[in-house]
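*Asks:* Spelled out from the first residue to the last, the chains are:
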Amino acid sequence: MIHANDQVWWRRLWREHRFKSGVGLVALLAVVSLLLIALNNIGEISFDFMASHWSFLLQYAIISLEATVISFVVGFSLGIPMGLIRAFGPNTMRRGGLKGLLASPLYAFVTGYTEVIRGTPALVQILLIQFWVTSSFQGITGISLLAGVIALSVNTTGYQTEVFRAGFQSVGQGQIEAAKSIGMRSVQTFANITLPQGLRLITLPLANEWIALFKASSLLWFIAVQELLWGMDYLGTKLNHPIDAFILGSLFYLAILIPLSRAVGFLERAKRIPGLGVTEPQRKALFSSRFARQTRA
Amino acid sequence: MIEVRKVHKWFGSLHVLRGIDMQVEKGEVLVIVGPSGSGKSTLLRCINLLIQPDSGDILLEGVKVNEPDIRPEWVREQIGMVFQSFNLFTHLTALKNVMLGLTKVKRMDAVEAEKVARYELERVGLADKADSYPAQLSGGQQQRVAIARALALNPKVMLFDEPTSALDPEFIHEVLDVMTKLAFEGMTMVVVSHEMGFAKSVADQLIFMDNGVILEVGVPEEVFANPKTDRMRAFIGKILG
Numbered sequence: 425m426i427h428a429n430d431q432v433w434w435r436r437l438w439r440e441h442r443f444k445s446g447v448g449l450v451a452l453l454a455v456v457s458l459l460l461i462a463l464n465n466i467g468e469i470s471f472d473f474m475a476s477h478w479s480f481l482l483q484y485a486i487i488s489l490e491a492t493v494i495s496f497v498v499g500f501s502l503g504i505p506m507g508l509i510r511a512f513g514p515n516t517m518r519r520g521g522l523k524g525l526l527a528s529p530l531y532a533f534v535t536g537y538t539e540v541i542r543g544t545p546a547l548v549q550i551l552l553i554q555f556w557v558t559s560s561f562q563g564i565t566g567i568s569l570l571a572g573v574i575a576l577s578v579n580t581t582g583y584q585t586e587v588f589r590a591g592f593q594s595v596g597q598g599q600i601e602a603a604k605s606i607g608m609r610s611v612q613t614f615a616n617i618t619l620p621q622g623l624r625l626i627t628l629p630l631a632n633e634w635i636a637l638f639k640a641s642s643l644l645w646f647i648a649v650q651e652l653l654w655g656m657d658y659l660g661t662k663l664n665h666p667i668d669a670f671i672l673g674s675l676f677y678l679a680i681l682i683p684l685s686r687a688v689g690f691l692e693r694a695k696r697i698p699g700l701g702v703t704e705p706q707r708k709a710l711f712s713s714r715f716a717r718q719t720r721a
Numbered sequence: 006m007i008e009v010r011k012v013h014k015w016f017g018s019l020h021v022l023r024g025i026d027m028q029v030e031k032g033e034v035l036v037i038v039g040p041s042g043s044g045k046s047t048l049l050r051c052i053n054l055l056i057q058p059d060s061g062d063i064l065l066e067g068v069k070v071n072e073p074d075i076r077p078e079w080v081r082e083q084i085g086m087v088f089q090s091f092n093l094f095t096h097l098t099a100l101k102n103v104m105l106g107l108t109k110v111k112r113m114d115a116v117e118a119e120k121v122a123r124y125e126l127e128r129v130g131l132a133d134k135a136d137s138y139p140a141q142l143s144g145g146q147q148q149r150v151a152i153a154r155a156l157a158l159n160p161k162v163m164l165f166d167e168p169t170s171a172l173d174p175e176f177i178h179e180v181l182d183v184m185t186k187l188a189f190e191g192m193t194m195v196v197v198s199h200e201m202g203f204a205k206s207v208a209d210q211l212i213f214m215d216n217g218v219i220l221e222v223g224v225p226e227e228v229f230a231n232p233k234t235d236r237m238r239a240f241i242g243k244i245l246g
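Quick note, the sequences are listed as chains A and B, same order.
The letter at position 46 of the first sequence is residue 470 when you use the working numbering, and the numbering goes up by one with no holes.
The letter at position 106 of the second sequence is residue 111 when you use the working numbering, and the numbering goes up by one with no holes.
Calculated from the structure, these hints are not laboratory results.
Hints are not guaranteed to be accurate.
[Said to hold, decoys possible] Below, simulated DMTMM-like cross-link-like pairs (lysine to aspartate or glutamate); rule was C-alpha separation at most 25 Å, straight line:
no., chain 1, residue 1, chain 2, residue 2
1, A, 523, B, 59
2, B, 31, B, 227
3, B, 69, A, 468
4, A, 695, B, 59
5, B, 11, B, 72
6, A, 695, B, 133
7, B, 109, A, 601
8, B, 101, A, 692
9, A, 523, B, 74
10, A, 523, B, 78
Generate the whole structure from the sequences, applying the supplied hints.
*Replies:* This is the structure in structure tokens:
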């Protein structure tokens, strides 16, 4: 569509989604910076304190990140087989035989597991596991971190199982049948059809789980794991700079999560199946600048 | 080539196949017609054991294949199947769709498999679409890729389950052309279809099924010209309008 107004350069520029959201971002940052500078000037917060203590928080941020990564990987590797049992267990049971006999208790176990994990507060799970671990393995250094990682793993496994179940179940039954019809065994069908397509479908929910897990790692503060929230609390109470400490700590969470969600967005675009899903013009309208950049290349 | 003897199949309390007997010789084209719900698709799926018959025998070249000690994968590898809704693997290009069975089932190396796959795509007239994804192809093109995928494994028999029913009218002929060519090359085919033109010009044998039983068998022209049962007469009246 050609507008008469497009002759004027700034009107043309203003029609660009990318430009508009760029302006929005700059404006947001400007407002936030101004606010912080004002707070700094009236002495509510102190940039000097933040600048001299960010490296102190960094070491605890790394602990948080490590705990999250380990738990997430555990959840991922357990979530795939457990999601598989959730998705296809009932079918296997109906078919009978040895597999069917095994599928029944496994399905019951996995279903019960996900229900319990998703139906109870993460903090309760963490406290429960911490009491169990510390009473069973006394006197080991770093025992609370170990308990914390176990608890987060147990928690995220329950959620990731459901994510994988949904992904596997969304792969079309027709394609499974087609794979069988060319003589592929069920393991081959899973590895070549169900898994690659399922993973594409669940990129976003899986990233959401990562984000939720990273934030949930702050709950480990309750069992005295020296992670990011512990570091913030230390700065706040011991050095009496609570507001600076919590703002600085929040920036750490943001600095880790925003690039991650950007990376996931990129991964999603890169692995998108050509011709499937929303068409490019629709995507542009929906997500404006984020996706426009890709198509112009 | 294929023999079906007294096959019964129940889905729960529903008796879908009630004693089917049929036979297809090598190089023969058999067309199955019948109203929806008559058990045509179930019969096709019993032949390549996508559905296990509850009783009766399926014989492939004289060997009973619905036996516990015969791997159904081994049977399916020798029987190609084309589906109503194409069922291409959406995350793979046309070429990779055709190659998958070769590399995974036949254990062919990738270079060799690609050669075969390109040849098969050329046979169905889609050499230039090798790198397209299914969602970028028209229905007719997708169905031809599906035919190439089945042909690549060099099957002894091809099963077609209403291959043109999901297609827009303008794409039907390109799929039928490929199937006609296949028939003339001597492929053994079992086709569930309501394309009467195709049945008349290509089929050696026509079967009319209703309610899980075969009501009429014969040469297409004859069955169409002199239907023996009322139900066949009513069915012909309906599809010819």
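*Asks:* Taking the hints in turn, state whether each one holds.
*Replies:* Status of the hints after comparison with the structure:
{"no.": "1", "hint": "523(A) / 59(B)", "result": "holds (20 Å)"}
{"no.": "2", "hint": "31(B) / 227(B)", "result": "holds (22 Å)"}
{"no.": "3", "hint": "69(B) / 468(A)", "result": "violated (86 Å)"}
{"no.": "4", "hint": "695(A) / 59(B)", "result": "violated (43 Å)"}
{"no.": "5", "hint": "11(B) / 72(B)", "result": "holds (15 Å)"}
{"no.": "6", "hint": "695(A) / 133(B)", "result": "holds (23 Å)"}
{"no.": "7", "hint": "109(B) / 601(A)", "result": "holds (16 Å)"}
{"no.": "8", "hint": "101(B) / 692(A)", "result": "holds (21 Å)"}
{"no.": "9", "hint": "523(A) / 74(B)", "result": "holds (16 Å)"}
{"no.": "10", "hint": "523(A) / 78(B)", "result": "holds (17 Å)"}
The earlier numbered hints that this structure contradicts are 3, 4.
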